[in-house]
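*Asks:* Those protein sequence lines, which keep their order, are chains A and B.
Residues 615 to 933 (the working numbering) make up the first sequence, in order.
Residues 199 to 599 (the working numbering) make up the second sequence, in order.
Incorrect hints may have been included.
Here are the simulated EDC-like cross-link-like pairs (lysine to aspartate or glutamate), alpha carbons at most 20 Å apart as the crow flies [claimed, not checked]:
| id | chain 1 | residue 1 | chain 2 | residue 2 |
| --- | --- | --- | --- | --- |
| 1 | B | Lys-490 | B | Glu-558 |
| 2 | B | Lys-302 | A | Glu-820 |
| 3 | B | Lys-250 | B | Asp-374 |
| 4 | B | Lys-291 | B | Glu-213 |
| 5 | A | Lys-650 | A | Glu-742 |
| 6 | A | Lys-650 | A | Asp-620 |
| 7 | B | Lys-302 | A | Asp-915 |
| 8 | A | Lys-660 | B | Asp-374 |
| 9 | A | Lys-660 | B | Asp-450 |
| 10 | B | Lys-490 | A | Glu-770 |
| 11 | A | Lys-660 | B | Glu-468 |
| 12 | A | Lys-660 | B | Glu-462 |
Hints are computed from structural coordinates only; laboratory data are not their basis.
Small disclaimer: the values here were computed from a predicted structure and weren't measured.
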Amino acid sequence: MSGLLDRRLLFVTGKGGVGKTTVAAALGMLAALRGKRVLVCEVEPKGDVAAAYECAPAGFVPRQVSPGLHIMEMDTEASLREYLRLNLRVPTVGRIGPVARAFDFVANAAPGVREILTVGKLCYEVREGHYDLVVVDAAATGHIVGQLAAPVGINELVKVGAVRSQTRWMLDILEDPRSAGVCIVTTPEEMPVNEAIDLAGRLEVETGVHLAALVANRVLPELFSRGEEEVFDALGEPDAVAALGAGPGGGSEAAVAEVLAAAALAVRIRRTGAGHLERLHAALGSSCPLAYVPYLFARADGARAVRQVADALAEELGE
Amino acid sequence: MTRSAPRPAAPTPLESLLGTREVVIACGPGGVGKTTTAAAIATTMSVRTPAKVLVLTVDPARRLADALGVAGIGNTASRVPAAAFSAAGVRQKGELWAAMLDTKQSWDALVRRHAPDATTAAQIFANPIYHNITGRFAQSHEYIAMERLYEIHAEGTYDLVVVDTPPTRDALDFLDAPGRMADFFASGLLRWLVAPSRSRLVGLASRPFYQVADRILGTQFLGDVAEFFLLFQSMYDGFVSRAQAVSSLLGDARTTFMLVTTLETVPSVEATRFAAELAQRRLHLGLLVVNKVLPASLADPEAITVAEALQSEPAARAHALLAALPGGLAGASEEMVARVLAEVGRSFTSFGLVASRQRELLAEMAASHEVTATVPHLAADVVDLRGLLAIGRHVLDASGE
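Produce the entire structure from the sequences given, and follow the hints as far as they go.
*Replies:* What follows is the structure, encoded as structure tokens:
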């Protein structure tokens, strides 16, 4: 999977609840530790990236949170103001008063405006070379195609004007697999895997952006090898349960049964998940790298969890 | 065929609650099992009560869609055959119907209903902006789900409608969608934007806007946008009164909400916030369902002692075990048995950690809101009616904690 972090722009997506923010934060941390100048941008500002790094809230203006690592939150209105200032030399908010007033309306009404301002800002940071890598905590699988397809859509809808000429250089960045890519995060569960496979199929056709990697998050460890599993099954026999309960360190048969039942549940959950991951591998394993991140029993979120996910990704990335 | 597990003859409190309601709206953060839980209570109510129940689902897993017979049927409701219930070993008192939510189809139907004439409807369908908006307009999905609910409810075909809400950026979006849609069409800005295509005389105040907008977007695109909204404006009255009716249905005494969550940090925080928001809006939270709960035995002190011993001295435990079993254990060596025992202990401890986090989050949630049911963490996916009925039992038979 080496080369993933050599791209300039990486969109991290996945079904809601799979831990895409944690993975985005971990990729950013990893690249920064490799000496890159990194920007991690949260597209739907909820403060999740800042919470992942356990630092003060991010704003539209990027802020360094550790050596080489910067964070920002997308603000489409601020992005519009920046765009107008840079491209049309409309200097002050005062003079674009009517634009600001109409902004919410147009952004909600005209398709792709919000999206183009989001993707445009990200591509701008890449084009200007402010960062070696921009990692985007992007929209969930349900919305990402709309977001990434905005430049293509605008190109089709808008025949002339400044925006049309802007979309060309954005598409040059987005459609080049060496510069941009999408990283889909999933968990070993049915719907997240379905959505990952579905998105992978639509991505290049509808947006022109390439699939860079798959990350399977919260993968349970394999408890037993085949032979060991036979031993485990035999442990459930009444005489074995009784023998395990007897003697020092033992307990009632009920307690022994509870301990065995917990392990059996873990085995079954893992097996169900493994089936979904096999499906994922069969569908997409040959088209892009697939990294596994283990389930973190001890801590589910915060900076320590991000660090552990980053370590796991580093190992899988082989860097 | 196994029969469904015996259950109390009298209806449970939650069953009675649902018996007095006409609409249940399932909501909550993404990835917590909302769709499955909605399907489960609809299925269970159709078995236990002589009601005609509809589950309006958004995006079910393929195998669940197959179980409900809704795979690929779009907006049209279809009945889950009674034979499927007898095959699952249960007798159904009522009927179960299922429908999917197809955003595009629903928008088209809405336009046909509210457009003043067929020509206007055809013009709207032909407008390039329309396709983009119905597919991508930030609130279109949320709005259309509530709109469809209203339509189905108004038809009065079903005794109980259970709605699954679409995954949104924010779990609360759909509550505001009808109101926002009404605001949108009522806004002066709409008229203002549409103005230039009605008249070439653009007011002084808006001239800078059009100049800037023309330079950025081009006149033709603005023309498309203006035409689209001009056409849409002809549906204004229909839309606004409809949106108000949808809003009032959400607050109606015949509607209740089912909040679904899991005991992970982010979903449970979001769920608690959502419950508070419902209360603030005086919307009725009838069910708070917590999914994927690990077994209580993970906190049993005696079991913890057993697991710790397995982990700390697996060799001794393996030796003692094999000594007590003259027939051996699947022919395994002492080393192998020790490895298995250590792994069993480790697994218990690991899941015990997760379970203790779950207990903390559950206690926090229960302090502010009544948790009406906890559903155990299931090892396998729910793929058939039997699985749905098992979940329905957990949700509806719970006495509350």
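*Asks:* Indicate, hint by hint, whether the structure satisfies it.
*Replies:* Structure-based check of all given hints:
no., hint, verdict
1, B:Lys-490 / B:Glu-558, "holds (15 Å)"
2, B:Lys-302 / A:Glu-820, "holds (18 Å)"
3, B:Lys-250 / B:Asp-374, "violated (29 Å)"
4, B:Lys-291 / B:Glu-213, "holds (14 Å)"
5, A:Lys-650 / A:Glu-742, "holds (16 Å)"
6, A:Lys-650 / A:Asp-620, "holds (9 Å)"
7, B:Lys-302 / A:Asp-915, "violated (38 Å)"
8, A:Lys-660 / B:Asp-374, "holds (18 Å)"
9, A:Lys-660 / B:Asp-450, "violated (31 Å)"
10, B:Lys-490 / A:Glu-770, "violated (46 Å)"
11, A:Lys-660 / B:Glu-468, "holds (11 Å)"
12, A:Lys-660 / B:Glu-462, "holds (17 Å)"
The earlier numbered hints that this structure contradicts are 3, 7, 9, 10.
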